[in-house]
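Assemble chains B, C and D onto chain A, guided by the hints.
Residue numbers (the working numbering), protein chains in the order written: chain A, 339 to 701; chain B, 339 to 701; chain C, 339 to 701; chain D, 339 to 701.
Read the hints as simulated data drawn from the structure, not as lab findings.
Possibly wrong hints are sitting among the right ones.
The list treats identical chains as interchangeable, and a pair is accepted whether it falls inside one copy or across any two copies.
As the list claims (entries may be wrong) - Here are the simulated lysine to aspartate or glutamate pairs, DMTMM-like style, with alpha carbons at most 25 angstroms apart: (1) Lys485 <-> Asp696; (2) Lys655 <-> Glu613; (3) Lys537 <-> Glu397; (4) Lys655 <-> Glu500; (5) Lys485 <-> Asp400; (6) Lys655 <-> Asp392; (7) Lys655 <-> Asp607; (8) Lys517 <-> Glu375; (9) Lys485 <-> Asp506; (10) Lys517 <-> Glu530; (11) Lys537 <-> Asp498; (12) Lys537 <-> Asp696; (13) Lys517 <-> Asp498; (14) Lys517 <-> Asp506.
Source: prediction; values computed, not measured.
4 protein chains.
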Amino acid sequence: MKNSIGTSVILTVFGESHGPAVGVVLDGLAPGLPVDENRIAESLARRRPCGPADTARVERDDFRIVSGVYQGRTTGTPLTILIPNENVRSGDYAAFEHIARPSHADYAAQQKYHGFQDPRGGGHFSGRITAGIVAAGAICRQALEAKGICVATHILRLGDVEDAPFTDVASEAASIEAKRFPLILDLEERAEAVILAAKAERDSVGGVIQTGIGGLPAGLGEPWFDSLEGVLARAVFAIGGIKGVEFGDGFGLAGLRGSRANDPFRLRDGRVVTETNRSGGINGGITNGMPVIFNMAVKPTPSISRVQRTVDFVEGKEVELELAGRHDPAIIRRICPVVTALVSVVLCDQLALRYGTDYLAQP
Amino acid sequence: MKNSIGTSVILTVFGESHGPAVGVVLDGLAPGLPVDENRIAESLARRRPCGPADTARVERDDFRIVSGVYQGRTTGTPLTILIPNENVRSGDYAAFEHIARPSHADYAAQQKYHGFQDPRGGGHFSGRITAGIVAAGAICRQALEAKGICVATHILRLGDVEDAPFTDVASEAASIEAKRFPLILDLEERAEAVILAAKAERDSVGGVIQTGIGGLPAGLGEPWFDSLEGVLARAVFAIGGIKGVEFGDGFGLAGLRGSRANDPFRLRDGRVVTETNRSGGINGGITNGMPVIFNMAVKPTPSISRVQRTVDFVEGKEVELELAGRHDPAIIRRICPVVTALVSVVLCDQLALRYGTDYLAQP
Amino acid sequence: MKNSIGTSVILTVFGESHGPAVGVVLDGLAPGLPVDENRIAESLARRRPCGPADTARVERDDFRIVSGVYQGRTTGTPLTILIPNENVRSGDYAAFEHIARPSHADYAAQQKYHGFQDPRGGGHFSGRITAGIVAAGAICRQALEAKGICVATHILRLGDVEDAPFTDVASEAASIEAKRFPLILDLEERAEAVILAAKAERDSVGGVIQTGIGGLPAGLGEPWFDSLEGVLARAVFAIGGIKGVEFGDGFGLAGLRGSRANDPFRLRDGRVVTETNRSGGINGGITNGMPVIFNMAVKPTPSISRVQRTVDFVEGKEVELELAGRHDPAIIRRICPVVTALVSVVLCDQLALRYGTDYLAQP
Amino acid sequence: MKNSIGTSVILTVFGESHGPAVGVVLDGLAPGLPVDENRIAESLARRRPCGPADTARVERDDFRIVSGVYQGRTTGTPLTILIPNENVRSGDYAAFEHIARPSHADYAAQQKYHGFQDPRGGGHFSGRITAGIVAAGAICRQALEAKGICVATHILRLGDVEDAPFTDVASEAASIEAKRFPLILDLEERAEAVILAAKAERDSVGGVIQTGIGGLPAGLGEPWFDSLEGVLARAVFAIGGIKGVEFGDGFGLAGLRGSRANDPFRLRDGRVVTETNRSGGINGGITNGMPVIFNMAVKPTPSISRVQRTVDFVEGKEVELELAGRHDPAIIRRICPVVTALVSVVLCDQLALRYGTDYLAQP
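Bound-form chain A, shown alone:
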């Protein structure tokens, strides 16, 4: 499905960094869901660069709903959102159109698209595309909240800064989004300092982010191949900067014995729960009613201002590259709302598949 994801609720992304607009089509949402443009704007604001730790390219993100909403509610037919590109400086890129920026998609895309891809600002592979995902996700997330389901994403590790893991997603979500950096603990200044230190050395940093989903019913996921782990992993690996996904204790489980790794089941007020949640809320690809928790490795932004060795793939020679342009020394702050949005879309799809197309709008 290439640029589409989902079975009952289907998200399609389109656009290039320096083209007229980026956007999304969100097809299959239940009719009658409220569409709050303020929520969309807030989500976009959270993704937007907003200080010295981010890129200097700031877009206003004046999104426009082109279809699928009537009188403030979803119609049930495709919902299209367009976000024009305005603050574009393509000249920045002209100089190295044929030069493979290390660890960027340039060379791989050249091999795939034979030079016809739009090279300006990464073209279709730019993080700019995520603006549309965030807008779509804001609508889905609101629908999930009405069902008591909460999704949030925070920075778990950035340099030597270590945030607390999720323990109660809903309350921590509020705390995370009240801050300028998505963190549970009050570590904003230290986190920013890590990024600025890298920036000062014309370098970039990565980190680990964590998504929590509270309130999901047990029984979601369609093994073998639409296990919830598989579906979520496929979704988040769409984001270029993500290079690893682990559910629950993930790679930590690899070093444990079964007697330590297993989550004992208990009864709490007649409800089946697990004492620990090392499985991240998923057993055999199906939710078990505990919070779904997963971590993602975010690589450092590949655009750095230092001199790098690389090749000109048209001329066929080795060259040195010194990137000008406006770059994020870290995308980790901005990637959090994108993951939250994408996961919200995926969960709406899963719920619609399981409970029917009208479910999300039912009282």
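Chains B, C and D alone, transformed into the frame defined by chain A:
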């Protein structure tokens, strides 16, 4: 697609652990590919329990090709393989049919299937299903080899045993498969000792496995949502024991700066390569021509013989569970050929999508 | 999806006419549905040749459920049915393996599969595959009946014999299936005579069949591209002998003016109905609550015993062909239960998509 | 997939009749295909109302390519086209928002979308959406032409006017498109007279249209369920006015004996052809190298100005309806370029699946 994966080459799995048979349908393979039943048998043998470190349930895996092969070659129409279940002792499971084995799919499946799932031996969620995947993968892997593409999986970490990472997939693949344990270095005895030590304490162990793909052309993968990372991750998360996936240096990248994490491009004999391969052969979701390398976290087998606390979800009470039955103290050895098989199927799909349905059989 | 159809309930077909078996995998059915093997056997019997008007190849159709059923009910995991091929006389086909039987798939398949297709008895393109569809459909149809939905198919036109169209699907379904020929009116002998007359002249006949669906709720179908018309048409065109599909008055509407073709809405006992049903129960691709009615053109069986002119596509020369083998002078009787079965599967998928995966098993 | 169609080349439609815009996303087209905006404009012009036989609502169709084209060629990433709605008179519809126009989607959509659908001008079910399809199809058709494949659609029957069937698609395509009415013979005035006669009586007319595809290679189509017949039928049934599809002689075959219906194979200049083409170029769901020919029944436009009996589905009472607004007395002229466009998209998908994603752009 639930129990199916793929777009042009589509694998469907079916069966239950204690039902008459497990099997697969593999649809869309190019017509004319050789089907070597010895290769299939060898792959199944690699997955089979074979010593004190494995379960005592040994199946002969007398597979039977039911459709899609004529005169030793694929017809291009659905290829069905059936593997009867023979060595079945369902009585082992009768005692705890309503008791949620910790970190198994039992409870989640109960919530999803409302008690109608086949509980014997894990039913459809049993590792037994992977026998079919291995059989299908053997055919696909042979097709890949004819195109110069090599897939292999080994144990990277098991207790305190650490294998060498892939450096040259094709030659290491041969070395791995010549051993009784899938390892590059000569660490078989130490690896087995780790497992037997856990078994002696009625416990189990997990570990980290690594898959390498050599010889893939650059330009494979369909971002955003069919990025090769997303497609491979979705596939391997189908396997119940896998709880994490990382490409290249994965979570290791999260702690690096960009200047250390980026892979500089170079020319070698006129070919574009990268000096390092921290990206695992994939940039922006598309192969860059370097070996594709990814690691997976395998949790310890949840079936252990120790007393565990859990619940009876039909009676609605807390109970203690002491598993009899025949279990693997570690599935890490047996999971390697399964991942290799599944990845081989996925790659055949990707190649057919990119180069056409006949490509794999073209000389 | 090639040999699979459906989104939430997915049917996959496999097998060849003279291979070991044909079969189906039916994935995504609600858990807990009763599986009545007698119903399956009855449906298979209806498809089976049973007299001088049919082929002399009679299979016992000893189907075997290989997975997905436990204690007489669906488990919710893939349901696999295998039907062995027994009465096989491949020698009949050896003589003309490279000779394109006119209006058969032989030549087209040769171009697609480059000679690797199984040529015996039409291989994967044989009507034999429909046995599996009928078995799967029997389970689905029973599930629909529990929801008050009735599917039936009868011969509408055969030679100069013209049956009455559906007016009340449920009662007419009973009447149709009580007869040896699927007809509403008592025209069995005349219908058989048409076929025997053709047979006597070593020829074959086609006809028009009609499917009716009673009890479907309004609001089914997902325009634009999963309009119920599109979904049903795609399904039935899988059957080789069907060359046309029309909904309601179909091609008859083309000759009418709007004032005659429109179906006026009326209220009957507070329920919205249409006075006429020229639209066949579908407006804009969505059910309107009236019975869904559609007709299909069935071409005469292409296998006839007369001498035909054709080519040997391996030798590259024109030849004369005189078919021996055992053929149906008309498949129209046997195609009716196949269409009913396939439509039943499609409707289960549509209902599961709209109302959720558990819907069909809910009381 | 709801509003999307295709596997390798995927078309998604969005928009409402009276919303800001309609449009399409076309994903998966080969990179490097020329995009000629004049061709798109010409195709849109062919679909546009242009005389007394059409609706008075004339849109300028100022399409805008929002993504996927760079320097006049496809990039290989999603191609988005937006067509603003300008000449909108929503007031026309306010009066009967809750009144089911007979044989329109209003009531069925109400049942599906529970009143949240956009009712203005038919909302998402308006023929207006087809403008986007025509624009996308123009790009695909040009790509097909470069491969020697020609698609065209003409009116085969309209009232008592009967056009000649296709005999040589490429040359007849030119002739059809040179005329103001899509006809092979010089019957434009008679055709227009049929429509004007209906209009004079405040009525509408339907008809039969025929699509021909010349130059398709043999071997396309993926039985069972992606038979070319199934794929094409699913596509064209997306168009609301189409109520029947037949391939080759279609329903005419139902009345023939096999000896008359079969197409004998012959050799012509070493190439395998059929003497007749009653199968419409498809055997067993796969192309046989002959022109693919199929007819579609177009019902008369349901919007007529006569008084009609119907119901107010909100008030729950029977009412009389007299439609004002601007309607086509026949859409048959305008539907022809839509079918041609949609079929062109489907064929690009089929070719990309069979020969690979780059095929269409290869010289």
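Q: Against the structure, test the hints numbered earlier, and report the numbers of the ones violated in rising order.
A: Of the numbered hints given earlier, those the structure breaks are 4, 5, 6, 12, listed in rising order.
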